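*Asks:* Residues per chain are reported as follows:
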Amino acid sequence: MKSANFENERLNMSAESVGPPKKRKMHPIPLRIMHWINAVTMIIMIMSGWKIYDDEVIFGFLHFPDAITLGKWAQHGLQWHFFGMWVLVLNGIAYLAYGFATGRFKRMLLPIRPHEVIKEAIAALTFRLKHTDLTKYNAVQKVLYVGVITIIVLQVATGLAIWKPIQFSGLVGLFGGFQGARLAHFLGMSAICLFFLIHVTLALLVPRTILAMLTGGPKESAEPEASSEARLSKPAQ
Amino acid sequence: MSLRRNSLFRPVKVLDQSLLTENRKFLQEISRRKLLRGGLTLGGLGFLTGCDVSDHSAVRRMLELASSFNDSVQAAIFNPNKLAPTYSIDQVVKPPRFNAYYEVERVKPVNLTDWKLELAGLVQDKQPWTLDRIHALPEQEEIIKHICVEGWDYIGQWSGPNLKQFLQLIGADLSAKYVAFHGNDDYMESIDMATALHPQTILATKYAGEPLADPFGAPLRLRTAVKLGFKNPKWIRAIEVSNTYQPGFWEKQGFNWFSGI
Chain A
1 MKSANFENER
11 LNMSAESVGP
21 PKKRKMHPIP
31 LRIMHWINAV
41 TMIIMIMSGW
51 KIYDDEVIFG
61 FLHFPDAITL
71 GKWAQHGLQW
81 HFFGMWVLVL
91 NGIAYLAYGF
101 ATGRFKRMLL
111 PIRPHEVIKE
121 AIAALTFRLK
131 HTDLTKYNAV
141 QKVLYVGVIT
151 IIVLQVATGL
161 AIWKPIQFSG
171 LVGLFGGFQG
181 ARLAHFLGMS
191 AICLFFLIHV
201 TLALLVPRTI
211 LAMLTGGPKE
221 SAEPEASSEA
231 RLSKPAQ
Chain B
238 MSLRRNSLFR
248 PVKVLDQSLL
258 TENRKFLQEI
268 SRRKLLRGGL
278 TLGGLGFLTG
288 CDVSDHSAVR
298 RMLELASSFN
308 DSVQAAIFNP
318 NKLAPTYSID
328 QVVKPPRFNA
338 YYEVERVKPV
348 NLTDWKLELA
358 GLVQDKQPWT
368 LDRIHALPEQ
378 EEIIKHICVE
388 GWDYIGQWSG
398 PNLKQFLQLI
408 GADLSAKYVA
418 FHGNDDYMES
428 IDMATALHPQ
438 TILATKYAGE
448 PLADPFGAPL
458 RLRTAVKLGF
468 KNPKWIRAIE
478 VSNTYQPGFW
488 EKQGFNWFSG
498 I
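Residue numbers (the working numbering), protein chains in the order written: chain A, 1 to 237; chain B, 238 to 498.
Next up, chain A with everything else stripped away, as it sits in the complex:
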């Protein structure tokens, strides 16, 4: 079954590159632009969101210090948030369209195999995960990227529910009411912060990945290499 999947993948890959194999950088320029726009916008959204949160905290023990919030008063936090949301959503739509249309999502983020995720997560935590080929995401990366994309989409939905709880009352109902949507929006933010922490830490540990997101990185190999398992020390079956 596994080998059948693998064969399918090979077929898909070769079907995509008809004619002479085109070699492109792993992060084409539109992708890099969208990545950094998203990074800056996400920071704006999080920091202005903390300012808004502080006006009416959900958890009595949690109050974000002014030094890490954006905007002088709550209204300025709101102004940043309602400006940033357009950049986030438009850039996000462009990114999703690009990811699906070019086949990048399918090529780089799929398939995700649970046993690989577990094995590679353990390898990562014990610093045994190799990064010989940056152009091939390991299972941990795939899970993190698909996860954060999903959470950002959900974050837009909860944000819309909080912004327009009457016009989109059905959406509010999905999250258990207005306060439920606020809590979900807060939890989404927490998950994105957690991702941010892991993502930046891992990138700093393998600085080549940061360079790749700036300059485009190595060319993707035309031929699909063996599954990511090959990059791990031979697993004992």
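There could be a bad hint or two in this list.
Claimed, not checked - Here are some chain B residues pointing at chain A (derived, C-beta under 10 Å):
#: 1; residue: ARG297
#: 2; residue: SER304
#: 3; residue: LYS319
#: 4; residue: ALA337
#: 5; residue: VAL341
#: 6; residue: GLU387
#: 7; residue: TRP389
Don't read these hints as lab results, they were simulated from the structure.
The model shown is predicted, which means the values in this text are computed figures rather than measured ones.
Backbone N, C-alpha and C define an ideal beta-carbon position, used for all residues, glycine too.
Knowing the structure of chain A, use the given hints to seat chain B on it.
*Replies:* For chain B alone, coordinates are given in the frame of chain A:
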């Protein structure tokens, strides 16, 4: 800046420390300079902290422009026929939650003996209304949620004349753009005509079946189910229909004008 020990963002259990000793050699291989270089990028993003950025007039203009763009988007999203959810009488919070730009102790009760509602702008019959006349109008009750821009909410039971019917009664130009409400405390807020005509927009004179108490806007306040709390002025002394945009009390402080929900 001190991080709280119980921060949500601090995992209860961090990486197993034994891993660090086992992999000391590997860790030493990570060049310190690389980490510093990476740290600079983070530092670069850190320029966004604090309030300084929004103080530059160009940034402020950009944010204000985005806010007025959002006004038109919200007007487009607004469905004049969409009704806000209503609630049952046992969910009503009593008394309502007080909120104003000052503390409850500083509320100046309106003298009801000589109170009259003034009418201004694009209105045919500008004769002021006495409280008795207003009380004689048909009453509409709404058990709706009050949502504050800060993030809190409560369910309230409001009753009083329907604003659309009142505007029709005074011969207001219903094609005008704005309806402004001037409060006794120099608080003013204007709303779009579509919201003024929404079926769940009323001039409230009662809360939970009782005449409005002083802190909550006696004798007359606006209650619309489709706007944030601050768009519902209390202690109304005048209603003005016009085509001229007038920023209200909170818009002048930077809050969004439309603020529909």
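*Asks:* Hint by hint, say whether it matches the structure.
*Replies:* Now for the hints, and whether the structure bears them out:
1. Taking 10 Å as the C-beta contact cut-off toward chain A, the hint placing B/ARG297 at the interface holds, the least distance being around 9 Å.
2. Of the supplied interface hints, the one on B/SER304 holds, with its beta-carbon coming within about 6 Å of a beta-carbon of chain A, less than 10 Å.
3. At a threshold of 10 Å, the smallest CB-CB gap from B/LYS319 to chain A is about 6 Å, leaving the interface hint in force.
4. Hint status for B/ALA337 relative to chain A: violated, with the closest Cβ pair at about 16 Å, above 10 Å.
5. Hint on B/VAL341 is violated. Least Cβ distance to chain A is approximately 18 Å, over the 10 Å limit.
6. Residue-level restraint check for B/GLU387 holds (minimum Cβ-Cβ distance to chain A is 4 Å; threshold 10 Å).
7. Among the interface hints, the one on B/TRP389 holds; its C-beta lies about 5 Å from the nearest C-beta in chain A, closer than the 10 Å criterion.
Hint compliance for this structure: hints 4 and 5 are broken, all remaining hints hold.
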